[in-house]
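Asker: Residue numbers (my numbering), protein chains in the order written: chain A, 515 to 629; chain B, 444 to 559.
Careful: at least some of the hints might be erroneous.
What the hints assert, rightly or not - The list that follows gives simulated cross-link-like pairs (lysine-lysine, BS3-like), each with its CA atoms no further than 25 Å apart: (1) B/K496 x A/K552; (2) A/K517 x B/K481; (3) A/K621 x A/K517; (4) A/K517 x B/K479; (5) A/K552 x B/K479.
Hints were generated in silico from the structure; no laboratory data involved.
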Amino acid sequence: AQKVTQAQTEISVVEKEDVTLDCVYETRDTTYYLFWYKQPPSGELVFLIRRNSFDEQNEISGRYSWNFQKSTSSFNFTITASQVVDSAVYFCALLWNSGNTPLVFGKGTRLSVIA
Amino acid sequence: DTEVTQTPKHLVMGMTNKKSLKCEQHMGHRAMYWYKQKAKKPPELMFVYSYEKLSINESVPSRFSPECPNSSLLNLHLHALQPEDSALYLCASSQDPGGHTKYEQYFGPGTRLTVT
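Full structure from sequences and hints, please.
Answerer: Right, here's the structure in full:
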């Protein structure tokens, strides 16, 4: 079965704190793709990152960083020095390589950054 | 340019109305998607078009009818909807749906639909 678990339903932090959003996935495929999306209150899903299963390099983009660990089937997302504009719902998602398959989303983590 | 546009932004319709949602992308993507998202839930896939042909229909009721007139446009025709169909409808697109590499989907801002 293909599944994404985001155990944290809601997180609240004070501005400038660091925060990590957890994502654990399940798949039988050896080739798969992981994504993070941000959904601010306006509603649009904003693509943040794609990671291929054969590329375990971690990535940093400004205040954002991602830690991909195949050994624990996790793809965690850290925001450093959080800002109020980071307040949103964050979705982790999985896509596997067998044919034309749908994107499987986790239930999302609502992040509130308080000034 | 990674933009997907959707119109209208908001739509209120009665249960006997017929309306259409429109989606457009000019990124040369060959896969386009419709998702439905209820409050505090993740998006749920409804339809996938691959090279302008319907490739996935996730058991969506026939009161929702998708159409892909060309590679840049995607419509969702609505007829005889129920109040429980009220939701945010998101369109997305991605490149090379049949290829070996799976690419990210780019989403539009959505249409917030209310059925009265």
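Asker: Compare the structure with each hint and give your call.
Answerer: Hint-by-hint comparison with the structure:
Proximity of B/K496 to A/K552 is assessed by CA-CA distance (about 29 Å); at most 25 Å being required, the pair is judged violated. Among the hinted pairs, A/K517 with B/K481 is consistent with the structure: their alpha-carbon atoms are about 19 Å apart, no more than 25 Å. Proposed proximity of A/K621 and A/K517 is supported: the alpha carbons are some 10 Å apart, at most 25 Å. Under the criterion of a C-alpha separation no larger than 25 Å, the hint pairing A/K517 with B/K479 is consistent with the structure, at around 19 Å.
The hinted pair formed by A/K552 and B/K479 meets the criterion: a straight-line CA distance of about 17 Å does not exceed 25 Å.
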